[in-house]
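Colleague: Next come the chains, spelled out residue by residue.
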Amino acid sequence: MSKLKLATVWLDGCSGCHMSFLDMDERLLELAEIVDVVYSPIVDAKEYPDEVDIALVEGAVSSEDDEKKIRKIRAHTKTLVAMGDCAITGNVPSMRNPIGPEAILNRAYIENASAQPQIPSVVVPKLLRTVRPIQEYVKVDAYLPGCPPSADTFHTALIALINGGPLDVSALTRFGA
Amino acid sequence: MNVEVDVKTLVIDEQEVSARAGQTILEVARENDISIPTLCHLDGLSDVGACRLCLVEIKGSNKLAPACVTNVQEGMEVSTDTDRLRKHRRVILELLFAERNHICSVCVSNGHCELQTLAQEQGLTHVRLPYRNPNLPVDASHERFTADHNRCILCTRCVRVCAEIEGAHVWDVMGRGIDSMIITDLHEDWGASSCTRCGKCVQVCPTGALFDKSKIGSDHPKYPDFLPYLNLMREAR
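Residue numbers (my numbering), protein chains in the order written: chain A, 11 to 187; chain B, 4 to 240.
Honestly, the hints are just simulated from the structure, not real lab data. Backbone N, C-alpha and C define an ideal beta-carbon position, used for all residues, glycine too. Mixed in with the good hints, there may be bad ones.
Part of the chain A face toward chain B, derived, beta carbon under 8 Å [to be verified]:
1) 101
2) 105
3) 172
4) 173
5) 177
6) 180
Examples of chain A residues lying across from chain B (beta carbon under 8 Å, computed) [stated by the list, open to error]:
7) 122
8) 137
9) 140
10) 153
11) 184
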């Protein structure tokens, strides 16, 4: 049997979910027997592959680039998993929503800048007005809340998803866990 | 001595139970180890039936009834855990999460929050409604406590404990519907209000809306269990 293709994606989040994923430690070796990591911040692939079996998405949709990415991921993924609170609720990135992007950018790049105050406009993608969870843009197949979900949560959930077994997420984790 | 007790017998979740007249379905269920989720109810305070999490089905009625304010009746057949009720409870929790800014990961009540715990118990892994993300104030004017309206679910436990137990009635509700807010006195800063600094409101608050400034991080368990004890001691006097 050929290995399942696994992708992990980093949108607007702190990478803590990826750190926690790596905390599976030696269990990663077992996982590597059954899955190929075809796209991830921790591998070298630059383009999202055409066919991915399972994608773990960390982070909320905050910029035009995030929106483009999540739509592309959905189109090329069988099972899309929202990984962690940012992807599911907006979490900390969404704390800018009541304030708006202009005020946030001004505070960071003008008011608090000591040299050459200017709002970045090239290379970095434009921020969306509000930070939204990924299920507001695309269909999500499974949710793993937590900030971050623990390594045990990742392991149990991934094994269940790979084997198509039952998965009781609330027994493993919760918002803010 | 002839003591007359008006006993009612009823069925809750196919279990035959007996109760005194005037008891609520919630009281009787809990006496019999049948759990019904609640949020605005707190032992020791009056009930207002505001949160609707304790809704139950009563045979012969199409309407759902809040268990905390519905008295038992002879021959009643109550169901507390049906698909229909689970669906409603889930939507209620989703509405609460979507209404204000509940960022569990950075909340002072993370790990000790009744809303968070209920979400987990009811199997809520995500919210299907768009988050409103309203711009709400944080009142840190009080010397000892903070009111973070981002986390408030308008359960009115603080209003009731202040009026009924402390006797100060500093807290109240202002506005209507989605614009409702808890306020101190006539919408003055908490620090400038007639607050007696007893801290009961902080202990009964189910979320991180009212918290003690001396607590840091998410190390803020609340202890509302003093209420029934306090009431008992007062009655004994």
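Colleague: Look at each hint and say if it fits the structure.
Modeller: Verification of the hints:
| no. | hint | in the structure |
| --- | --- | --- |
| 1 | 101 | holds, 6 Å |
| 2 | 105 | holds, 6 Å |
| 3 | 172 | violated, 19 Å |
| 4 | 173 | violated, 20 Å |
| 5 | 177 | violated, 10 Å |
| 6 | 180 | holds, 5 Å |
| 7 | 122 | violated, 21 Å |
| 8 | 137 | violated, 15 Å |
| 9 | 140 | holds, 7 Å |
| 10 | 153 | holds, 4 Å |
| 11 | 184 | holds, 4 Å |
Going through the hint list in order, the structure does not satisfy hints 3, 4, 5, 7 and 8.
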